Amino acid sequence: MKRLGKVWTVIVYLFLYLPMIVLFVGSFNDGRDLSEFEGFTLSNYVTLFRDTDSLALLLNSVILAVSSALLATLIGTFAAVGIHSMRGRIRSLVMTVTNIPLVNPEIVTGVSLSLLFVFVGRGLLHTENVLGFTTLLIAHVTFNLPYVILSVMPKLRQMDNQLMDAAQDLGCTPVQGFFKVVLPELWPGIISGAIMAFTMSLDDFVISYFVYGNSFVTLPVEIYTNTRKQMPPKFYAMFTLMFFVILVVMILMNVIQARDESKQKRRVKGA
Amino acid sequence: MKSKALASPYILWMVIFTIVPLAVVAYYAFTNSAGEFTLENLANAATYWPTFLRSVGYAIAACVICLIMGYPVAYVIAQTGASAQRILYLLVMLPMCMSFLLRTLAWVALLRDTGLINTFLGFFGVGPLPLIRNAGSVIMGMVYNYLPYMIMPLYTVIVKLDPRLIEAAQDLGCDSVQTFRRVILPLSLPGIVSGITMVFVPAVSTFYISQKLGSTSDVLIGDIVERQFKSAQNPYLGAAMSLLLMVIVFISIGLMNKFTGDEEVTTI
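Going down the list, the protein sequences come from chains F and P.
Going by my numbering, 75 is the number at position 67 of the first sequence; the sequence numbering is gapless.
Going by my numbering, 182 is the number at position 142 of the second sequence; the sequence numbering is gapless.
There could be a bad hint or two in this list.
[Said to hold, decoys possible] Using 27 Å as the maximum straight-line C-alpha spacing, the simulated DSSO-like pairs for lysine-lysine come out as follows: (1) P:Lys252 / P:Lys270; (2) F:Lys188 / F:Lys273; (3) P:Lys200 / F:Lys273; (4) F:Lys188 / F:Lys271; (5) F:Lys237 / P:Lys252; (6) F:Lys242 / P:Lys200; (7) P:Lys270 / F:Lys237; (8) F:Lys10 / P:Lys200; (9) P:Lys44 / F:Lys188; (10) P:Lys200 / F:Lys14; (11) P:Lys200 / F:Lys271; (12) P:Lys200 / P:Lys298.
[What the hints assert, rightly or not] According to the in silico footprint, chain F covers these stretches of chain P (three or more CB under 8 Å from chain F): (13) 62-74; (14) 115-121; (15) 183-195; (16) 236-244; (17) 258-266; (18) 280-292.
The set of hints was computed from the structure by calculation and includes no laboratory data.
No experiment lies behind these values; they were computed from the predicted model shown.
For every residue, glycine included, the Cβ atom is placed at its ideal position computed from N, Cα and C.
With the hints as constraints, model all of the structure from the sequences given.
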């Protein structure tokens, strides 16, 4: 029974990774077709780095991911502190609203924001092309906020509420207390929330697809446009490189979490 | 009192960019291009009922398959040693961060008539089998894309199971099947429910998977909505369909939550 479970697990992991292996192999393929290997080449990687267009797209995605993650982390961390001190019906109402972008289908979030932008664009700004970087940023911050809040809230719950009182008794102003006592306690949650927001934003296609404009195109949107034609193999090269970047990011995140957990454990033992 | 105010920029943001947009969807769903109130969009959307039915059916099938595939995996991960556990869990999460567009495209290369699997089968004189452009390939695409969403909450619940409960069941004479059915399964119900919700919502609303892996008779709600905004330019019908899609999603989440709620009552 146990062995059967292990064999099954291996099969499922193969299922998850098979298409990714196809893409890795495709990145070294001397042809455009993923299902025909016509010889080993590195030219796709060379094209990728020579081609300013695809790097510009990646840069666009990174700029959007960094700025939306930072903004969401800033608003979300303060929000988590605020929500933590709320009680009863107001708190559950705010948490329900926080959950809306998480449970709502992405396509509905995308459509609803695009309708809002076009509505405001026509009615207030008198323009037909309101869509661009700003609308993408707003959309990304909106779907990133719940992730930041949900990763900061547990840290607030773990924190000893008397720490803040102690800091103030020892002469800290509330602002000093927040920065010197509360913030260091929340740090692991803030960091993992920010990283999560960054990766969600970097890879988002569905919501971006409805709120992007031709003035600012992101990598996933461009990839989608290409899936309707013949996909240039440089994107397989980019996929392969991004796989390793994300692998490193996730390992780092894991190390941060592991360190944080062992710190918590030590503290429990010490108390 | 003061710290509550820290949440106000967030609350303002969510009102403007989450609640108001949903109100705008409702507004569009009930108006025509002249700006008058109408029920026509909803009536039009209702004529797509076979599409709604198909989307819900495919999504349910994907949920069931994900559960059957994912449960043993979550169980095995939860039973391995601490460091291997971290790596296995990370490997489940990792595909979620990679472009699902390209990963789905790779499935096209695997499944199509001249694709990798059929070429491989061809060496043994089998096929080509019709692996793509049918209901099965669309459901498989959903399972592939959303399986991690099932494994993650299952793992979270199973890893927290108290091993003493399982030992107690065995001491009291349960065989392994009974232990699973009477102890492990009921205790992992919250994970099952949240896994099903996390698979169902994206599966029922997808449009890319059906475009790439389905035939023209596998059109889903997401495809129709996308078409209204991107090519047919009928946001009124698109809004009405989005509204119905949202209603379906909230009803199913409500049903799922009620299911766990009742279960908790009976176990107490």
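- prompt: Holds or violated: lysine 200 of chain P with lysine 298 of chain P, Cα cutoff 27 Å?
  reply: Given that 27 Å is the threshold and the Cα spacing comes to 23 Å, the pair holds.
message: Hinted pair, alpha-carbon criterion (27 Å max): lysine 242 of chain F, lysine 200 of chain P. Please report holds or violated.
response: violated, 44 Å
- prompt: Is the straight-line distance between the alpha-carbon of lysine 200 of chain P and that of lysine 14 of chain F 27 Å or less?
  reply: Satisfied, since the Cα-Cα distance of roughly 20 Å is no more than 27 Å.
task: For the pair supplied as a hint, lysine 10 of chain F and lysine 200 of chain P, confirm whether the alpha-carbon distance does not exceed 27 Å.
output: holds, 19 Å
- request: Assess, step by step, whether the Cα of lysine 44 of chain P is no farther than 27 Å from the Cα of lysine 188 of chain F, and give holds or violated.
  value: holds, 19 Å
message: For a C-alpha distance cap of 27 Å, please report whether lysine 200 of chain P and lysine 273 of chain F respect it.
response: holds, 16 Å
message: So is the region 258-266 of chain P in contact with chain F by the C-beta rule, three or more residues under 8 Å, or is the coverage claim wrong?
response: Our answer is that it holds, as 3 residues pass the Cβ test (under 8 Å) against chain F, meeting three.
query: Per the coverage rule (Cβ-Cβ under 8 Å, at least three residues), is the region 183-195 of chain P covered by chain F?
result: holds (count 3)
message: Against the 27 Å threshold, does the CA-CA distance of lysine 188 of chain F and lysine 273 of chain F hold or violate the hint?
response: holds, 22 Å
field: 8 Å C-beta criterion, at least three residues: is the region 280-292 of chain P covered by chain F
entry: Since three or more residues must qualify, the claim that chain F covers the region 280-292 of chain P holds, with 5 doing so at under 8 Å.
Straight-line alpha-carbon gap lysine 200 of chain P to lysine 271 of chain F, limit 27 Å: Answer holds: lysine 200 of chain P to lysine 271 of chain F is near 20 Å, not above 27 Å.
field: Assertion that chain F covers the region 236-244 of chain P - criterion: three or more residues, beta-carbon distance below 8 Å
entry: holds (count 4)
This entry does not satisfy hint 6, going by the numbered hints stated previously; all others are met.
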